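Here the protein sequences line up with chains A and B, keeping their order. The first sequence begins at 1 in the working numbering and counts up by one. The second sequence begins at 1 in the working numbering and counts up by one.
Treat the hints loosely; a few may be bogus.
To be verified - To give a feel for the contact side, a few chain A residues facing chain B, derived at Cβ under 7 Å:
1. 90
2. 91
3. 97
4. 104
5. 109
Claimed, not checked - Derived CB-CB ranges, DEER-like:
6. 80/B with 11/A: 18 to 26 Å
7. 12/A with 37/B: 35 to 43 Å
8. 70/B with 66/A: 23 to 31 Å
9. 84/A with 12/B: 18 to 26 Å
10. 11/A with 51/B: 36 to 44 Å
11. 7/B with 8/A: 20 to 28 Å
12. 117/B with 85/A: 53 to 61 Å
13. 37/B with 15/A: 33 to 41 Å
14. 51/B with 22/A: 39 to 47 Å
15. 63/A with 73/B: 13 to 21 Å
16. 8/A with 5/B: 14 to 22 Å
17. 5/B with 63/A: 33 to 41 Å
Everything labelled a hint here was simulated from the structure, so no lab data went into it. Please read all numbers here as calculations on a predicted model, not as lab measurements. Every residue gets a Cβ at the ideal spot worked out from N, C-alpha and C, and that includes glycine.
Read off the chains here:
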Amino acid sequence: MEPNPSPDALATLAQRMRITGIAQLLGTLLTAIILIGGAVNSEMPTPLPLILPLSPFLVLAILPLLLQAVPMLRASTALRSFTEGDRGALELAFGRLGRSLGFEVWVAAMMWSPLAVALWFFEFTFSVLLW
Amino acid sequence: MVAVTLGDRERRLARRCARRAVIAGVVYIVTSVCWFVGGYLAGGFFNPFALLSSMVLGGLGIMLGRAGLELLELGRQQSQVELEPIGVVLARIQAVRAALASVPFAVAFAWMLWDLFG
Numbered sequence: 001m002e003p004n005p006s007p008d009a010l011a012t013l014a015q016r017m018r019i020t021g022i023a024q025l026l027g028t029l030l031t032a033i034i035l036i037g038g039a040v041n042s043e044m045p046t047p048l049p050l051i052l053p054l055s056p057f058l059v060l061a062i063l064p065l066l067l068q069a070v071p072m073l074r075a076s077t078a079l080r081s082f083t084e085g086d087r088g089a090l091e092l093a094f095g096r097l098g099r100s101l102g103f104e105v106w107v108a109a110m111m112w113s114p115l116a117v118a119l120w121f122f123e124f125t126f127s128v129l130l131w
Numbered sequence: 001m002v003a004v005t006l007g008d009r010e011r012r013l014a015r016r017c018a019r020r021a022v023i024a025g026v027v028y029i030v031t032s033v034c035w036f037v038g039g040y041l042a043g044g045f046f047n048p049f050a051l052l053s054s055m056v057l058g059g060l061g062i063m064l065g066r067a068g069l070e071l072l073e074l075g076r077q078q079s080q081v082e083l084e085p086i087g088v089v090l091a092r093i094q095a096v097r098a099a100l101a102s103v104p105f106a107v108a109f110a111w112m113l114w115d116l117f118g
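Just chain A, same shape as in the assembly (with noise of 0.2 Å):
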């Protein structure tokens, strides 16, 4: 594995890589605010309505999202070492790439999934009932 000479373009990625996970990390600092927010009152309009009072799955909800940006952050400063002529870290960039994208898989099925719509449709139905 040789870098170029000059690897300007991968510098560049390693820098839209940070700004990228710091973007995530401040977008799950919002999330937790809101959804703890919503859970300390009830009347707080969200988009995960149900969800809130939960506090579980609040841990749930925010903890894939902090797992997925630090390895970002990670993979961002083994890119820069890479560029620097460190020919193992591209390795290490790969793996924590890899890792990111795997608690992207998780954010995916827990924060958006069919769980959410189940209860969604259970709010329904109960609401239905009391009715």
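Got chain A; can you put chain B on it based on the hints?
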């Protein structure tokens, strides 16, 4: 262009990334449909938030899946490969992922402010 020759381990890790990207893409596409159906079932009407979310999720899923397939192709190459095109696609997807993490909840926050002060 940055051209590298991937070793066995790099190739294996790249393929793992690719597989996960494809799986995540497919999950996003499926859940985009589920999100829309769930919004319809829960609201009992044509829910614009569910429609918008499902469109964003579906688009993201397609982008992610396509990038995964490209990365899979990269992992299969035995000769020197160029990282930049794949890297640019991955960076774009990361930007969309970051936006997706923020936008729905930013909308909710705006909605809350609208309720409070509107």
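Okay, the hints, checked on the actual structure:
1. Of the supplied interface hints, the one on residue 90/A holds, with its beta-carbon coming within about 6 Å of a beta-carbon of chain B, less than 7 Å.
2. For residue 91/A, the suggested interface contact is upheld, since its CB lies about 5 Å from the closest CB of chain B, less than 7 Å.
3. Interface restraint check: residue 97/A against chain B, minimum CB-CB distance 5 Å, threshold 7 Å, status holds.
4. For residue 104/A, the shortest C-beta to C-beta distance to chain B is roughly 4 Å, which falls under 7 Å, so the interface hint holds.
5. Because the closest C-beta pair between residue 109/A and chain B is about 6 Å apart, less than 7 Å, the hint holds.
6. Residue 80/B and residue 11/A have their C-beta atoms about 19 Å apart, which keeps the hinted 18 to 26 Å range intact.
7. At about 40 Å, the beta-carbon gap between residue 12/A and residue 37/B stays in the expected band of 35 to 43 Å.
8. Here the CB-CB span from residue 70/B to residue 66/A is close to 28 Å, well matched to the stated 23 to 31 Å.
9. Under the hint 18 to 26 Å, the C-beta atoms of residue 84/A and residue 12/B, about 24 Å apart, fit the expected range.
10. The supplied range of 36 to 44 Å is met by residue 11/A and residue 51/B, whose beta-carbon atoms lie about 40 Å from each other.
11. A hinted range of 20 to 28 Å for the beta carbons of residue 7/B and residue 8/A is consistent with their spacing of about 23 Å.
12. Roughly 55 Å separates the CB atoms of residue 117/B and residue 85/A, a value that falls within the hinted 53 to 61 Å.
13. Under the hint 33 to 41 Å, the C-beta atoms of residue 37/B and residue 15/A, about 40 Å apart, fit the expected range.
14. Residue 51/B and residue 22/A have their C-beta atoms about 30 Å apart, which leaves the hinted 39 to 47 Å range violated.
15. The supplied range of 13 to 21 Å is broken by residue 63/A and residue 73/B, whose beta-carbon atoms lie about 33 Å from each other.
16. Taking 14 to 22 Å as the suggested C-beta distance range, the pair residue 8/A and residue 5/B conforms, at roughly 20 Å.
17. Against the hinted window of 33 to 41 Å, the Cβ-Cβ separation of residue 5/B and residue 63/A comes to about 38 Å, which satisfies the hint.
Taken one by one, the earlier hints fail for this structure at numbers 14, 15, listed in ascending order.
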